[in-house]
Amino acid sequence: MTNQEYSKLVDQYTKNSPLWSDCLKAFLVGGLICTLGEGLRHLYLYLGADKTAAGSWVSISLIFLAALLTALGVFEKIARFAGAGTLVPITGFSNSVISPAMEYKTEGFVTGVGAKMFIVAGPVIVYGTAASIIAGIIYYLFLR
Amino acid sequence: MEKLRRGTVKFTAPPQILAHGCTVSKKESQGPLGSLFDQVQEDEYFGQDNWEKAESQFQAAAINICLNRAGIKGSDLDGAVGGDLLNQCTATSFAIKDLKAPFLGVYGACSTIAESLITAAALVDGGYGERVLASAGSHFCSAEKQFRTPLEYGSQRPPSAQWTVTGAGAVLIGKTGGKARITAATVGTIVDMGIKDANHMGGAMAPAFADTIAAHLRGVGARPIDYDAIFSGDLGVIGIDLAQELLRREEIDISSVHHDCGEMIFDRKSQDVHAGGSGCGCAASVLCAHVLPMLESGQWKRVLFCATGALLSPTTVLQGESIPCIAHAVELRGPAEPAEPTESNEQAG
Numbered sequence: 001m002t003n004q005e006y007s008k009l010v011d012q013y014t015k016n017s018p019l020w021s022d023c024l025k026a027f028l029v030g031g032l033i034c035t036l037g038e039g040l041r042h043l044y045l046y047l048g049a050d051k052t053a054a055g056s057w058v059s060i061s062l063i064f065l066a067a068l069l070t071a072l073g074v075f076e077k078i079a080r081f082a083g084a085g086t087l088v089p090i091t092g093f094s095n096s097v098i099s100p101a102m103e104y105k106t107e108g109f110v111t112g113v114g115a116k117m118f119i120v121a122g123p124v125i126v127y128g129t130a131a132s133i134i135a136g137i138i139y140y141l142f143l144r
Numbered sequence: 001m002e003k004l005r006r007g008t009v010k011f012t013a014p015p016q017i018l019a020h021g022c023t024v025s026k027k028e029s030q031g032p033l034g035s036l037f038d039q040v041q042e043d044e045y046f047g048q049d050n051w052e053k054a055e056s057q058f059q060a061a062a063i064n065i066c067l068n069r070a071g072i073k074g075s076d077l078d079g080a081v082g083g084d085l086l087n088q089c090t091a092t093s094f095a096i097k098d099l100k101a102p103f104l105g106v107y108g109a110c111s112t113i114a115e116s117l118i119t120a121a122a123l124v125d126g127g128y129g130e131r132v133l134a135s136a137g138s139h140f141c142s143a144e145k146q147f148r149t150p151l152e153y154g155s156q157r158p159p160s161a162q163w164t165v166t167g168a169g170a171v172l173i174g175k176t177g178g179k180a181r182i183t184a185a186t187v188g189t190i191v192d193m194g195i196k197d198a199n200h201m202g203g204a205m206a207p208a209f210a211d212t213i214a215a216h217l218r219g220v221g222a223r224p225i226d227y228d229a230i231f232s233g234d235l236g237v238i239g240i241d242l243a244q245e246l247l248r249r250e251e252i253d254i255s256s257v258h259h260d261c262g263e264m265i266f267d268r269k270s271q272d273v274h275a276g277g278s279g280c281g282c283a284a285s286v287l288c289a290h291v292l293p294m295l296e297s298g299q300w301k302r303v304l305f306c307a308t309g310a311l312l313s314p315t316t317v318l319q320g321e322s323i324p325c326i327a328h329a330v331e332l333r334g335p336a337e338p339a340e341p342t343e344s345n346e347q348a349g
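Going line by line, the protein sequences match chains A and B. According to my numbering, the residues represented by the first sequence are 1 to 144, in order. According to my numbering, the residues represented by the second sequence are 1 to 349, in order.
If you are wondering where the hints come from, they were derived from the structure by calculation, not from laboratory data. Mixed in with the good hints there might be a few duds.
Unchecked claim - To list a few chain B residues with every Cβ distance to chain A over 12 Å, as calculated:
no. : residue
1   : Cys89
2   : Leu151
3   : Arg157
4   : Ile195
5   : Arg249
6   : Arg302
7   : Ser313
What the hints assert, rightly or not - Here are the simulated BS3-like pairs of lysine-lysine, each with C-alpha atoms no more than 30 Å apart in a straight line:
no. : chain 1 : residue 1 : chain 2 : residue 2
8   : A       : Lys15     : B       : Lys196
9   : A       : Lys105    : B       : Lys53
10  : B       : Lys301    : A       : Lys116
11  : A       : Lys15     : B       : Lys175
12  : B       : Lys97     : B       : Lys175
The beta-carbon is built from N, C-alpha and C at its ideal position, and this holds for glycine as well.
Put together the whole structure using the sequences plus the hints.
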């Protein structure tokens with residue numbers, strides 16, 4: 001049997017992830033997180049923050065909540081159910097920084113926590129920054 | 001020991017299983033085999049302050065049970081052979097260092113217990129010593145940390161993913177005085193069918209399992225129905241089907257006697273383990289908790305235990321390499337019956 005034939009056989013026997021139910025769960029949980037964010041924004045506006053400050057406070061609050069839930073071991077359980085629903089909002093970013101920080105604490109605060117904290121989120125920061133530079137250049141050259 | 005065919009040997013004076021022990025964690029104890037394990041340690045940290053030390057502790061505990069049952073100390077061992085999944089096999093080295101026993105560390109990924117058993121049996125049979133220990137273990141948390149993502153990182157697994165068993169098994173092999181015996185073995189050949197998905201170990205390992213089973217059956221001249229059971233290590237539900245299909249194409253039907261340690265150890269419906277259990281501790285703990293006791297009690301007479309391993313590393317996966325896999329087969333028999341004239345007559349089948 002060739003590798004190609006075997007690969008086909010494997011595909012034939014392998015069930016795919018349940019796409020529709022995964023999408024629905026992601027939509028519901030992701031939507032709930034965004035609704036919470038919107039609720040918080042109104043709360044901060046009501047408490048007297050201006051629009052920009054209220055937005056920042058919402059991000060800070062969601063990052064804190066996700067970090068807290070990660071530390072309590074709850075976030076992973078929600079994410080196992082929600083998938084992209086928790087990954088895509090800012091909660092996912094928070095979890096991806098806190099979880100390695102916890103995991104590598106046993107390897108020291110410098111070589112463990114410090115060095116490995118961005119092991120998951122690092123690429124997001126690197127390529128996010130790179131993309132923003134490219135976007136900035138395009139804006140400068142053509143749209144200014 | 002006598003060579004039957006390339007890779008397959010028959011033990012003319014079969015090394016005996018003098019004692020065995022296994023330790024698992026809470027999740028394994030809640031599975032279908034829960035009541036059979038020798039020791040359940042509910043604390044996943046096993047009183048340690050990191051996952052790596054915890055993994056060592058699980059293996060040390062299994063070894064301890066095994067040696068206590070045999071009534072011997074580490075200093076009575078002529079040798080110890082063992083391995084695990086961690087980088088540089090540290091879980092085993094740290095578990096064994098206090099035994100002060102001559103030690104060989106082996107790596108066969110999830111097939112490690114079979115590799116350890118074959119090595120230990122060959123050492124005993126070859127006159128190296130009287131008593132050699134074979135052990136293997138794994139820990140869900142240290143395996144996740146090394147091979148996947150940090151434990152608390154939120155992600156979903158595909159249906160083909162498997163759950164690393166937290167546990168270990170240890171088997172003491174000696175020349176005389178045991179019930180179950182190792183009568184033959186096949187050292188597997190690495191098989192790589194180009195599967196690259198590290199979340200699909202069953203698919204990657206099934207061809208290696210099929211290859212070794214076919215080689216062993218040819219080597220000893222046996223049919224699948226000559227065995228009370230044929231065990232795979234941790235193919236999981238998809239790997240089981242694939243392996244049986246591959247063997248059917250070679251006109252070998254093992255479906256009526258095939259069991260998979262990874263499929264048995266967890267209840268897939270309620271324990272959220274997807275395709276089943278995996279890890280060195282999976283085959284090792286099921287061997288000690290279920291397979292060997294069934295042989296020792298005489299309920300089974302002849303079993304083929306074939307643990308499977310995926311020889312990948314996080315680096316090879318990231319570099320886009322396919323997954324080389326291996327399977328080693330150990331043929332086990334129950335207590336020798338008094339009517340048996342000589343050992344040399346009993347391999348025919």
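Taking the earlier hints as the rules, which of them does this structure contradict?
2, 3, 4, 5, 10, 11
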